[in-house]
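From just these sequences and the hints, can you work out the full model?
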Amino acid sequence: MEMNETRSLLVTIRDRWLASAGPDGLVPGPFLDARDISDLAASTGWAGMHLARAIRLAFEPFDDESIDRLFVPTRAPRFRGRTPHRADLLAILAGRIPALAAKVLFHGLAGGMRVILKPSSAETVFPALLVNSIMLLERDAPVSVAPGRGPALDAMIRSATACVAYGSDMTVEAIAAARRGRPTFPGRHMESFETVFADAIESNDEARAVAEKIAFDTAIYDQSGCLSPTVVFVQEGGGVSARAFAGMLLEALSGSQLAMGPMEIDDLAAVRIFIQEAAIGRIKDPVFSREDVIPPAVVLCDRVRPSPGLRTLQVVPFDSPVPDLSRHMPDLADRIQGMACAGSDGEVGWLLRKNPRFRANHICAPGELQNPPALWRENGIVLAHELLGIQ
Amino acid sequence: MIDKSLVDAVMTMIGDSVRGHSGIDDEGFESLAVEIAAAQGRLRRTSPLSANLRGLDKIEPLPETAFKMMTVAQFPPSEAVAEFRTSGTSSENRGRLPVLDMEIYKASALAGFELFCMHDDPPTRFMSLIPPASARPDSSLSWMATFLVEKFDDGLGGFVAGTQGLDPDGMLSILSRSVSDGSRVFLLGTSLDFLSLFEFLVMNATPIPLPAGSRLMHTGGPKASGRSITPRQLAADAGRLLGIAPQDVIEEFGMTELFSQAYDSPRISGVPGRLIPVPWMRTRVIDPRTMKDVPDGERGLLVHYDLACCHTCVAIMAADTATRSGNGFCDIRRAAGAAARGCSRNAAPRPGGA
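Chains F and X, in that order, are what the protein sequence lines are.
Note that our numbering has the first sequence beginning at 1, numbered continuously upward.
Note that our numbering has the second sequence beginning at 1001, numbered continuously upward.
Hints in this document: simulated from the structure, not taken from any laboratory.
Misleading hints may appear alongside valid ones.
[As the list claims (entries may be wrong)] Here are the computed distance ranges between Cβ atoms for each label pair:
{"no.": "1", "chain 1": "F", "residue 1": "A178", "chain 2": "X", "residue 2": "E1083", "range": "23 to 33 Å"}
{"no.": "2", "chain 1": "F", "residue 1": "S38", "chain 2": "X", "residue 2": "E1083", "range": "50 to 60 Å"}
{"no.": "3", "chain 1": "X", "residue 1": "V1271", "chain 2": "F", "residue 2": "M170", "range": "30 to 40 Å"}
[Unchecked claim] Pairs of lysine to aspartate or glutamate, DMTMM-like flavour, derived with a Cα cap of 20 Å:
{"no.": "4", "chain 1": "F", "residue 1": "K284", "chain 2": "X", "residue 2": "E1060"}
{"no.": "5", "chain 1": "X", "residue 1": "K1292", "chain 2": "F", "residue 2": "E264"}
{"no.": "6", "chain 1": "X", "residue 1": "K1151", "chain 2": "X", "residue 2": "E1079"}
{"no.": "7", "chain 1": "X", "residue 1": "K1058", "chain 2": "F", "residue 2": "E236"}
{"no.": "8", "chain 1": "F", "residue 1": "K354", "chain 2": "F", "residue 2": "D331"}
{"no.": "9", "chain 1": "X", "residue 1": "K1058", "chain 2": "F", "residue 2": "D292"}
{"no.": "10", "chain 1": "X", "residue 1": "K1068", "chain 2": "F", "residue 2": "D331"}
{"no.": "11", "chain 1": "X", "residue 1": "K1068", "chain 2": "F", "residue 2": "D302"}
{"no.": "12", "chain 1": "X", "residue 1": "K1292", "chain 2": "F", "residue 2": "D266"}
{"no.": "13", "chain 1": "X", "residue 1": "K1292", "chain 2": "F", "residue 2": "D292"}
{"no.": "14", "chain 1": "X", "residue 1": "K1292", "chain 2": "F", "residue 2": "D267"}
{"no.": "15", "chain 1": "F", "residue 1": "K354", "chain 2": "F", "residue 2": "D302"}
{"no.": "16", "chain 1": "F", "residue 1": "K284", "chain 2": "F", "residue 2": "E236"}
{"no.": "17", "chain 1": "X", "residue 1": "K1292", "chain 2": "X", "residue 2": "E1030"}
{"no.": "18", "chain 1": "X", "residue 1": "K1151", "chain 2": "X", "residue 2": "D1101"}
{"no.": "19", "chain 1": "X", "residue 1": "K1058", "chain 2": "F", "residue 2": "E291"}
{"no.": "20", "chain 1": "X", "residue 1": "K1292", "chain 2": "X", "residue 2": "E1060"}
{"no.": "21", "chain 1": "X", "residue 1": "K1292", "chain 2": "F", "residue 2": "E291"}
For each residue, glycine too, the CB sits at the ideal point set by N, CA and C.
The following block contains the structure:
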């Protein structure tokens, strides 16, 4: 496929998927029947308007201009003249977020690769539907779904021209090692956080509005994925204290219209243990949760601990002009994917300057954390442009 | 400090249980547990919803990780006679249990073992693959093995492991003598210890059919090591290589943070694969969302209420999930995100050093 054909294909695919995402849920159409929608809801764990919202987040960033820019590298390609779509990009996906599969596929095709999606074990339906929706439009489109575990996949991992691999550090390192120097783009463990400066929450109404947006960032994917916030830094001294804001966050999370996805008992156990541990820390009455059931939960703390997910947020109060992130969450240095800030540009700039090892690849306002632009530098790179540079 | 009358009540309860004088009904257990929890400051704070809490629900369990984060003791740590440590890869992530009164642990461990392992006509010779307390003074399991060998061994058995690992000559000596004099033997060890023993026997092509009625108690699932053996495989190998009947293979469940244990003792519980706590400990399988008991057959989070922990914390929330099975539990799994642990992490190296 030539560039124009690929561009046209991406535009059509985007439009079809967006057209299927109605305000109340996915609607059957030419490439998506009722059974597909039901399967997708069961597989992702999100249904109705929640699922439709997740689908919109997957495709909306790819407006016409963004799609055009995917094809134009910001720096000179290392190799020129490669025949389009003759080289393989193996994308090893993790989690159940549709936006990840859509992003990799759009970047891969724009990068001139034949894209092979390897779905995560947690969610296999969307990648298959996505590939199928393309094949229905263009029978010979250079897209496919990888086989499950086994020798065929192992061989593919070793031989694919390029590979983008998401997963735990151990998984990603093992994949990179198996590829012996072939181009591999690792998507290792990364996290995101939000910061609320005092001047953004002078009144209860302002604070509630910010809390609602953070709750959306948290709830849309049930806190899975690297752009889900796990911690919120809240500056003291405004009209609303960090403690009061934590209560508002719980209220917003509890009232979220986005129903919780599937919850395994072991994951819920981790949330309960996390909460019980918080209760024995130095901060008095640190846990904000409904008394009869968890999750969601919000915990006041001074030092960030590994998050159990499932809509469990940690709120860290700070008095200084900007938080010292290396003190509050040293384990997350160089592992920040996204940062949302409610505050002035000056405050955001200062926060970044004071915390150079916590620079995020996606910086935005609360409520936009899960809606990065099409060309955001996930893991520090624009995948399509990197792929254009591969022979 | 905990009032001595509470400690005496616990010791009486343990003694009465093992002597068969009286059972421990739920009401009596819960009443004493709540009294101890109140003395430990572990009752849940009152609120409109908690005002109606009953029995064990009144107690706020402490997560096991607390033992890594702080000193859990109802006495000045300087008064501890010993300190048990959980397994772990570094001192930073090892939990600590200061021991004020070793006699409580001894009474609990011996009584529980008697109830679940010394039924009918038990062996009188003991061989422990677990090192003695003198070799591992911070291991609660080693202390337990020491209590058992000191009390029940006929003097011709003993420990076949120390700081250097398993002693093959010592093992063969005790097992061979047992075969020659027809004396039944009780083997104690972690599951990985037994894996090492079985590998040794296979390597040397020397199955040793022990006298009928010999028994085996294993503990500590292999939660983090690369080597593993399932309880079923362990029982099968014990039969094939040592001639021990499957009903005489007993699994023990314990935690450093607890002074009492649970047992899967087929001849006592009747249902293999189910761990039943000693009478002075209750284990609840709770729904982590609500903290309420799950229905029989469903999975949940384990919370142990151990009256013998009167000097530390009576209610411990383990980082384990399991399936509720009657008054016991089965299929234990480490909860997501929890650090792997287990007695077998400290299992003796295989003979020969591999």
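A quick look at each hint next to the structure:
With their beta carbons about 45 Å apart, A178/F and E1083/X fall outside the hinted range of 23 to 33 Å. Taking 50 to 60 Å as the suggested C-beta distance range, the pair S38/F and E1083/X conforms, at roughly 57 Å. Restraint check, V1271/X to M170/F: a C-beta distance of roughly 38 Å satisfies the suggested window 30 to 40 Å. Of the supplied pair hints, the one linking K284/F and E1060/X holds, its CA atoms being roughly 15 Å apart against a limit of 20 Å.
Taking the CA atoms of K1292/X and E264/F, the gap is near 17 Å; set against the 20 Å cutoff, the hint holds. Between K1151/X and E1079/X, the direct Cα distance comes to roughly 27 Å. Violation of the 20 Å bound is thereby established for this hinted pair. Taking the CA atoms of K1058/X and E236/F, the gap is about 35 Å. The hint is violated against a cut of 20 Å. Distance check on the hinted pair: K354/F and D331/F sit about 17 Å apart at the alpha-carbon level, within 20 Å; holds.
For the hint linking K1058/X to D292/F, the alpha-carbon distance of about 14 Å falls within 20 Å, and the restraint holds. A threshold of 20 Å between alpha carbons decides the hint, and for K1068/X with D331/F the separation of about 18 Å falls inside it, so the pair holds. For the proposed pair K1068/X and D302/F, the alpha carbon gap of about 18 Å is at most 20 Å, so the pair holds. For the suggested pair K1292/X and D266/F, the alpha carbons sit about 16 Å apart, so the restraint of at most 20 Å is met.
Of the supplied pair hints, the one linking K1292/X and D292/F holds, its CA atoms being roughly 10 Å apart against a limit of 20 Å. Between the alpha carbons of K1292/X and D267/F the distance comes to roughly 17 Å, so the proposed pair stays at or under 20 Å and holds. Of the supplied pair hints, the one linking K354/F and D302/F holds, its CA atoms being roughly 18 Å apart against a limit of 20 Å. About 17 Å separates the Cα atoms of K284/F and E236/F, which keeps this hinted pair within 20 Å; it holds.
For a cut-off of 20 Å, the pair hint linking K1292/X to E1030/X stands: about 16 Å separates their Cα positions. Restraint check for K1151/X and D1101/X: satisfied, since their Cα atoms lie roughly 19 Å apart, inside the 20 Å limit. Note on K1058/X and E291/F: the hinted pairing holds, with a Cα-Cα distance of about 14 Å set against a maximum of 20 Å. For the proposed pair K1292/X and E1060/X, the alpha carbon gap of about 13 Å is at most 20 Å, so the pair holds.
Pair hint K1292/X plus E291/F holds up; C-alpha atoms about 12 Å apart against a cutoff of 20 Å.
Hints 1, 6 and 7, counting from the list given before, are not met by this structure.
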